[in-house]
Amino acid sequence: MAQKVAIVGVGQTRHTSRRPDVNDGELISEAVNAALADAQLAIKDIDTVVSGNMDFFEGHYLNDAMLVDYTGACGKAGFKMNTGGTVGTMTFISGCYCVASGLSDTCLVIGWEKHDEGPTTSCISTIADPSVDRPFTVGALLGMALICGEYMNRTGCKLEHAAMVRAQASENAFRNPNAHLRKRYSVEDVLKARIVLYPLNLLMVCPTSVGACAIVLASEAKAKKITKKPVWVKDHITVHGEYNGNHYHNQFNLPGFPRTTTQMVAGKKLLQRNHITKPLKEIQVFEMYDPCAFVQMSWLEDFGICGKGEGWKMVEKGVTAREGAFPVCPSGGVLCTNSIGDSGTVRVAEAVLQIRGDAGEHQVTRDVKTALVSGFGGAFWTDLLLLSRTPD
Amino acid sequence: MEPKADVELITQEMLLKIPYRWSTGEYIGEFLQELRDSGRIYANKCPNCGRFRCPPWPVCGVCHTRMEERGKWVEVGPKGTVIGFSVVEQSFLVPTTGDMLEVPFSVGIILLDGAPVTLQHRLQETNPDKIKAGLRVEAVFKPKEQRQENIFDILYFRTI
Amino acid sequence: MPQRVGIVAVAQTKHEAAKPRQHLMELVLEVTDKILEETGISLIDDVDSVVSCSQDHWDGRTISSMAIPDVTGSHLKDESKVAGDGAYAVLYGVMHILSGHHDIVLVVSHCSESQTDARIIQNCAIDHIYHRMLGLDFISCAAMQANLYMHKYGISREQCAKVVVKNRGNARSNPYAQAPLELSVEDVLNSKMLASPITVLDAKPVSDGACAILLAKEDRAKKLTDKPVWIKGVGNCYDAHFLGDRDLAACDSLVSASKRAYRMAGIASPRKEVDLVEMSEMFSYQELLWMEGLGLCGQGEGGRLIDSGASRMEGDLPVNPSGGLLSGVPVIVAGMSRVAEAALQLRGECGSHQIPGAKIALAHGTAGVCGQMHCVFVLEKGGK
Amino acid sequence: MGQKITGKEPIITPGWIIMPYKYSVGALASKFFVELRDNKRIMGVRCSECNRVIVPPRSVCNKCFSKLHECVELDSKGTLLTYTIVHYTPSCEWLKPPFAYGVIQLDGADTGFTHVLGEVDLENIKIGMRVEAVFKDKRQGNILDIQYFRPLASSL
Numbered sequence: 001m002a003q004k005v006a007i008v009g010v011g012q013t014r015h016t017s018r019r020p021d022v023n024d025g026e027l028i029s030e031a032v033n034a035a036l037a038d039a040q041l042a043i044k045d046i047d048t049v050v051s052g053n054m055d056f057f058e059g060h061y062l063n064d065a066m067l068v069d070y071t072g073a074c075g076k077a078g079f080k081m082n083t084g085g086t087v088g089t090m091t092f093i094s095g096c097y098c099v100a101s102g103l104s105d106t107c108l109v110i111g112w113e114k115h116d117e118g119p120t121t122s123c124i125s126t127i128a129d130p131s132v133d134r135p136f137t138v139g140a141l142l143g144m145a146l147i148c149g150e151y152m153n154r155t156g157c158k159l160e161h162a163a164m165v166r167a168q169a170s171e172n173a174f175r176n177p178n179a180h181l182r183k184r185y186s187v188e189d190v191l192k193a194r195i196v197l198y199p200l201n202l203l204m205v206c207p208t209s210v211g212a213c214a215i216v217l218a219s220e221a222k223a224k225k226i227t228k229k230p231v232w233v234k235d236h237i238t239v240h241g242e243y244n245g246n247h248y249h250n251q252f253n254l255p256g257f258p259r260t261t262t263q264m265v266a267g268k269k270l271l272q273r274n275h276i277t278k279p280l281k282e283i284q285v286f287e288m289y290d291p292c293a294f295v296q297m298s299w300l301e302d303f304g305i306c307g308k309g310e311g312w313k314m315v316e317k318g319v320t321a322r323e324g325a326f327p328v329c330p331s332g333g334v335l336c337t338n339s340i341g342d343s344g345t346v347r348v349a350e351a352v353l354q355i356r357g358d359a360g361e362h363q364v365t366r367d368v369k370t371a372l373v374s375g376f377g378g379a380f381w382t383d384l385l386l387l388s389r390t391p392d
Numbered sequence: 001m002e003p004k005a006d007v008e009l010i011t012q013e014m015l016l017k018i019p020y021r022w023s024t025g026e027y028i029g030e031f032l033q034e035l036r037d038s039g040r041i042y043a044n045k046c047p048n049c050g051r052f053r054c055p056p057w058p059v060c061g062v063c064h065t066r067m068e069e070r071g072k073w074v075e076v077g078p079k080g081t082v083i084g085f086s087v088v089e090q091s092f093l094v095p096t097t098g099d100m101l102e103v104p105f106s107v108g109i110i111l112l113d114g115a116p117v118t119l120q121h122r123l124q125e126t127n128p129d130k131i132k133a134g135l136r137v138e139a140v141f142k143p144k145e146q147r148q149e150n151i152f153d154i155l156y157f158r159t160i
Numbered sequence: 001m002p003q004r005v006g007i008v009a010v011a012q013t014k015h016e017a018a019k020p021r022q023h024l025m026e027l028v029l030e031v032t033d034k035i036l037e038e039t040g041i042s043l044i045d046d047v048d049s050v051v052s053c054s055q056d057h058w059d060g061r062t063i064s065s066m067a068i069p070d071v072t073g074s075h076l077k078d079e080s081k082v083a084g085d086g087a088y089a090v091l092y093g094v095m096h097i098l099s100g101h102h103d104i105v106l107v108v109s110h111c112s113e114s115q116t117d118a119r120i121i122q123n124c125a126i127d128h129i130y131h132r133m134l135g136l137d138f139i140s141c142a143a144m145q146a147n148l149y150m151h152k153y154g155i156s157r158e159q160c161a162k163v164v165v166k167n168r169g170n171a172r173s174n175p176y177a178q179a180p181l182e183l184s185v186e187d188v189l190n191s192k193m194l195a196s197p198i199t200v201l202d203a204k205p206v207s208d209g210a211c212a213i214l215l216a217k218e219d220r221a222k223k224l225t226d227k228p229v230w231i232k233g234v235g236n237c238y239d240a241h242f243l244g245d246r247d248l249a250a251c252d253s254l255v256s257a258s259k260r261a262y263r264m265a266g267i268a269s270p271r272k273e274v275d276l277v278e279m280s281e282m283f284s285y286q287e288l289l290w291m292e293g294l295g296l297c298g299q300g301e302g303g304r305l306i307d308s309g310a311s312r313m314e315g316d317l318p319v320n321p322s323g324g325l326l327s328g329v330p331v332i333v334a335g336m337s338r339v340a341e342a343a344l345q346l347r348g349e350c351g352s353h354q355i356p357g358a359k360i361a362l363a364h365g366t367a368g369v370c371g372q373m374h375c376v377f378v379l380e381k382g383g384k
Numbered sequence: 001m002g003q004k005i006t007g008k009e010p011i012i013t014p015g016w017i018i019m020p021y022k023y024s025v026g027a028l029a030s031k032f033f034v035e036l037r038d039n040k041r042i043m044g045v046r047c048s049e050c051n052r053v054i055v056p057p058r059s060v061c062n063k064c065f066s067k068l069h070e071c072v073e074l075d076s077k078g079t080l081l082t083y084t085i086v087h088y089t090p091s092c093e094w095l096k097p098p099f100a101y102g103v104i105q106l107d108g109a110d111t112g113f114t115h116v117l118g119e120v121d122l123e124n125i126k127i128g129m130r131v132e133a134v135f136k137d138k139r140q141g142n143i144l145d146i147q148y149f150r151p152l153a154s155s156l
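Residue numbers (the working numbering), protein chains in the order written: chain A, 1 to 392; chain B, 1 to 160; chain C, 1 to 384; chain D, 1 to 156.
If we strip away everything but chain A, and leave its shape as in the complex, we get (with noise of 0.2 Å):
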């Protein structure tokens, strides 16, 4: 049946807010360097370059086959994924099908993105049908701050606890060299930043970063001649859902119909299939994608990490915290680093480098065996991925 798939290099650029020394071919292959040089392989050894990021934020329609110069791709198989925020996970996703169906021995995956060159939030009001709700889409922030004002009716969380998340991510990133906000803010400093989408401030919001982010994966018997310490894909579940822009009717509970998001089912699946009973016990981090900072609380209950309405006290106990006893996002998560094309890839490198033991000053506490990776997007869409430092 189907082939097992490693990890066999990952390498990202730094992450800031514009990089004007460079276009962005040159940024991917900054990225693209890096996860040759990890995996130590030549552009040659490689067989198929995938890729993923959006349209419009750059401007470029088939930007895949635009800058084959830089990603390496030329004379190479390879496609380009375009699915929104999950571009990133999917793109990586994709790498693994390429694998695991035999069709490639080693696949280079590619997510970037550089938000300095383009309206962000104008693309993103334009995931709206034009003739129903685009005159009221915000970039993807007003889902967001409806979707938060929500978890606070339903479960008590303050806006303090979103003030927590944010001031723990901010101490990650300041250990993460890559990442792009790496300035360290308290509860009360966060608390006081300038209102942007009632009722999120600008800093429980993700930035636009510009960056790019690498993966090379292998077929067993390949990854097993490249590396001591591949890192095996163990699973991954993708869960989309339907148009939901104007409505949003999954995000509530509405009369005769209960709340059910993506997170809910992407969690309940993936767990249960690869019998992990004790979450919080089994997996030993969570790079998750965390577009604001309410919804780390939010989605840790939805991907039934933890109870209904326990996330928020999650984070006033710590237990979320880089050196806490279930770490999420210990290299500062997409509220400190969000270059959208590269948020999934990126949350997939990280996650890497928490179990090979390579994060340096960002690695956590615990020993990690396993790690969840999540990718958001879309309607509220998500892919869920387990990774493992064993095969098996």
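Think of the hints as simulated: they come from the structure by calculation, not from any bench.
Be a bit skeptical, because a hint or two may be false.
Below 25 Å or equal to it, Euclidean Cα-Cα: the simulated PhoX-like pairs (lysine-lysine) are [claimed, not checked]:
| no. | chain 1 | residue 1 | chain 2 | residue 2 |
| --- | --- | --- | --- | --- |
| 1 | D | Lys40 | D | Lys8 |
| 2 | A | Lys308 | B | Lys132 |
| 3 | C | Lys34 | C | Lys223 |
| 4 | A | Lys44 | A | Lys229 |
| 5 | C | Lys359 | C | Lys259 |
| 6 | C | Lys152 | D | Lys126 |
| 7 | A | Lys234 | A | Lys281 |
| 8 | B | Lys144 | D | Lys8 |
| 9 | C | Lys222 | C | Lys232 |
| 10 | A | Lys158 | B | Lys132 |
| 11 | C | Lys14 | C | Lys34 |
| 12 | B | Lys79 | B | Lys17 |
| 13 | A | Lys44 | C | Lys259 |
| 14 | A | Lys369 | A | Lys269 |
| 15 | A | Lys268 | A | Lys281 |
| 16 | D | Lys77 | C | Lys152 |
| 17 | C | Lys259 | C | Lys381 |
| 18 | C | Lys359 | C | Lys272 |
| 19 | B | Lys132 | A | Lys192 |
| 20 | C | Lys14 | D | Lys8 |
| 21 | C | Lys232 | A | Lys4 |
| 22 | D | Lys96 | B | Lys17 |
| 23 | A | Lys313 | A | Lys281 |
| 24 | C | Lys192 | D | Lys126 |
| 25 | D | Lys8 | B | Lys142 |
| 26 | D | Lys8 | B | Lys72 |
| 27 | D | Lys63 | C | Lys259 |
| 28 | D | Lys67 | A | Lys44 |
| 29 | C | Lys192 | D | Lys96 |
| 30 | C | Lys192 | C | Lys227 |
| 31 | B | Lys45 | C | Lys34 |
| 32 | C | Lys259 | C | Lys152 |
| 33 | A | Lys308 | A | Lys158 |
| 34 | A | Lys229 | A | Lys369 |
| 35 | A | Lys4 | A | Lys234 |
| 36 | D | Lys22 | B | Lys17 |
A quick note: this is a predicted structure, and the numbers were derived from the prediction, not measured.
With chain A fixed as given, assemble chains B, C and D onto it according to the hints.
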């Protein structure tokens, strides 16, 4: 990696401007036509799972059943209850016009009277302290002669 | 050995110059409805994953697949979008099954070219640092490729025009084709010049439409249909982007892509083994050049091939019996509809454009300027 | 699908996508544009691995993936590899049909350079003809600082 001080770094500005004529199709199109002609808001129901959609939709997004056809659409609103909202304080470029958004701009998810269905639309009230889940609101239409078969034939929802 | 991947059902809209009455999701609904009708499956219960191909610039919508999850029954399941061309969505669907992750995959594609302006969108696919300001688009770039190819190998405009006459003529028996026409070589030569040597009739017309294909793992496919079509081989490849970096009179990436597909399919001499070709020729010269890239004639022999009549419906290697892209198929949908047409041939369901006895077919998709990336499928007739 | 409302005009939402972009060209392309603007010089880059001179210059070789930085000044003369005469209005406003594009191999370069042809009798453009770059008087540091390529007097 850092740009050297002695190198002039060039940037090139380009304005992308693409025209579109988006088809609204049978369902959304008739919904917009009703807004213009009768000032009525319609929703339709999934005969299988009972979910409603506003605007009416051809297929249920949850169970992939054909939703009810034109003759069976139900009128919803114009009154409703806010269940979620946000007030946009930071302006951004509106991609469909190229202009900056006038802020504050208030958006609500409105549970419309008549069916368990929500519609996302603009709220007249822009003070976040005066909006909360549970607030009763009502659609305000443009004068009939100014309506253009688009979603802004409803100007906004005002607090009752 | 992994199980083979089978095509269980295919569906297309009639391709039209404009479809102003249908929302993009209604275009896709039309084809998913046909799949359901033919197979009796439930999208919600039976389909494991949905792969789509559409494009943000054409649709005027970031995450263009946002338009269609409802009509493809994607709620709470694996749904993803591949960029480029529909052929890559089919490829990705095949991977879903070969990897053992999924058993039944729905692939769909849609595009409405008529709702916007192709020149602007294609210009966005041109390198932004040195070339975009020059206003280049796929027609002007292709015209330069055509000129070089024709100059290098002495291919005449008449030979290119014969491709148009053949394909538009073939389209007369294809109910899905947009613009069947009975033409003469002179009609093509005398039609309005777009960019020399390409005239209006040498180019693919503006088109709207959608396509869907249901893929299944071997054992499931056999249960779902008596006439499965097996995906025997697939290959794809990128070429360089800058026109000046490439040998425009060759198509290196198509050569690599087709070799990979033949190797996987165990095809040693494609010219003998392949019964028909459905390819993505955006312009008439491309059918000749792509035939060379596919290894179905020698380098520079595309002109002689069309002269020989071999690629006609009654020839020994019919090319585009459906009428091809020149008869009107939307970009993005193009490669997927080639797979669909090839599958219909192998199922013997092409009616009056059926190639009798077809057992092995090639389907080809391409994306990018002057065929920068290609994806080739070898399909095999299955069943009793 | 659509037949039920046949007879009525379809309801269309007209609109735009309008977005401003600001592209960083990177250090190597910056050098190319600065040389073009200030000195009317066309720069290529050498890949010593492949022994090729690439123009317009990119910082990565698409054949061997080496990092490239060795700039080479090229002649502004070259040979026309291919061309087309365009009879429709393209996406940019400054080009009025009919006009011609060409791919030019500059002397000393191993790749082609795509640009507009000017001061040329459209009927008499030929593959293989010799051409030279004509620079704009007011140059701004972009590819349009080359106004076009025109035939060399000797090739007419």
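Here is what the structure says about each hint:
1. Distance restraint check for Lys40(D) and Lys8(D): the Cα-Cα separation of roughly 60 Å exceeds the 25 Å cut-off, and the hinted pair is therefore not satisfied.
2. For the hint linking Lys308(A) to Lys132(B), the alpha-carbon distance of about 23 Å falls within 25 Å, and the restraint holds.
3. Distance restraint check for Lys34(C) and Lys223(C): the Cα-Cα separation of roughly 18 Å lies within the 25 Å cut-off, and the hinted pair is therefore satisfied.
4. Between Lys44(A) and Lys229(A), the direct Cα distance comes to roughly 22 Å. Compliance with the 25 Å bound is thereby established for this hinted pair.
5. For the suggested pair Lys359(C) and Lys259(C), the alpha carbons sit about 19 Å apart, so the restraint of at most 25 Å is met.
6. At roughly 13 Å between alpha-carbon atoms, Lys152(C) and Lys126(D) fall within 25 Å of each other, so this suggested pair holds.
7. Annotation: proposed proximity of Lys234(A) to Lys281(A) holds, straight-line Cα distance about 17 Å (limit 25 Å).
8. For the given pair, Lys144(B) sits about 20 Å from Lys8(D) by alpha-carbon distance, which is consistent with the 25 Å threshold.
9. For the hint linking Lys222(C) to Lys232(C), the alpha-carbon distance of about 16 Å falls within 25 Å, and the restraint holds.
10. At roughly 15 Å between alpha-carbon atoms, Lys158(A) and Lys132(B) fall within 25 Å of each other, so this suggested pair holds.
11. About 12 Å separates the Cα atoms of Lys14(C) and Lys34(C), which keeps this hinted pair within 25 Å; it holds.
12. Restraint check: the Cα-Cα separation between Lys79(B) and Lys17(B) comes to about 38 Å, which exceeds 25 Å; the hinted pair is violated.
13. For the hint linking Lys44(A) to Lys259(C), the alpha-carbon distance of about 18 Å falls within 25 Å, and the restraint holds.
14. With a C-alpha separation of about 21 Å, the suggested pairing of Lys369(A) with Lys269(A) holds against the 25 Å cut-off.
15. Taken as a hint, the Lys268(A) and Lys281(A) pair is honoured in the structure, with Cα atoms around 16 Å apart against an allowance of 25 Å.
16. Using a Cα cut-off of 25 Å, the hinted pair Lys77(D) and Lys152(C) holds, with the two alpha carbons roughly 22 Å apart.
17. Restraint check: the Cα-Cα separation between Lys259(C) and Lys381(C) comes to about 20 Å, which is no more than 25 Å; the hinted pair holds.
18. Using a Cα cut-off of 25 Å, the hinted pair Lys359(C) and Lys272(C) holds, with the two alpha carbons roughly 12 Å apart.
19. The hinted pair formed by Lys132(B) and Lys192(A) meets the criterion: a straight-line CA distance of about 22 Å does not exceed 25 Å.
20. For the given pair, Lys14(C) sits about 21 Å from Lys8(D) by alpha-carbon distance, which is consistent with the 25 Å threshold.
21. Between Lys232(C) and Lys4(A) the alpha-carbon distance is near 23 Å, which keeps this suggested pair within the 25 Å criterion.
22. Taken as a hint, the Lys96(D) and Lys17(B) pair is honoured in the structure, with Cα atoms around 19 Å apart against an allowance of 25 Å.
23. Distance restraint check for Lys313(A) and Lys281(A): the Cα-Cα separation of roughly 18 Å lies within the 25 Å cut-off, and the hinted pair is therefore satisfied.
24. Between Lys192(C) and Lys126(D) the CA atoms are separated by roughly 22 Å; this keeps the pair inside 25 Å, and the hint holds.
25. The suggested pairing of Lys8(D) with Lys142(B) holds, with an alpha-carbon distance near 23 Å, which does not exceed 25 Å.
26. Pair hint Lys8(D) plus Lys72(B) holds up; C-alpha atoms about 20 Å apart against a cutoff of 25 Å.
27. A hinted pair counts as satisfied when its Cα atoms are at most 25 Å apart, and Lys63(D) with Lys259(C) qualifies at roughly 20 Å.
28. For the proposed pair Lys67(D) and Lys44(A), the alpha carbon gap of about 15 Å is at most 25 Å, so the pair holds.
29. Distance restraint check for Lys192(C) and Lys96(D): the Cα-Cα separation of roughly 17 Å lies within the 25 Å cut-off, and the hinted pair is therefore satisfied.
30. At most 25 Å may separate the alpha-carbon atoms for a hinted pair to count; Lys192(C) and Lys227(C) exceed this at roughly 44 Å.
31. The suggested pairing of Lys45(B) with Lys34(C) holds, with an alpha-carbon distance near 23 Å, which does not exceed 25 Å.
32. Restraint check: the Cα-Cα separation between Lys259(C) and Lys152(C) comes to about 24 Å, which is no more than 25 Å; the hinted pair holds.
33. Simply put, Lys308(A) and Lys158(A) have alpha-carbon atoms about 15 Å apart, close enough for the 25 Å limit, and the pair holds.
34. At most 25 Å may separate the alpha-carbon atoms for a hinted pair to count; Lys229(A) and Lys369(A) meet this at roughly 12 Å.
35. For the proposed pair Lys4(A) and Lys234(A), the alpha carbon gap of about 8 Å is at most 25 Å, so the pair holds.
36. At most 25 Å may separate the alpha-carbon atoms for a hinted pair to count; Lys22(D) and Lys17(B) meet this at roughly 14 Å.
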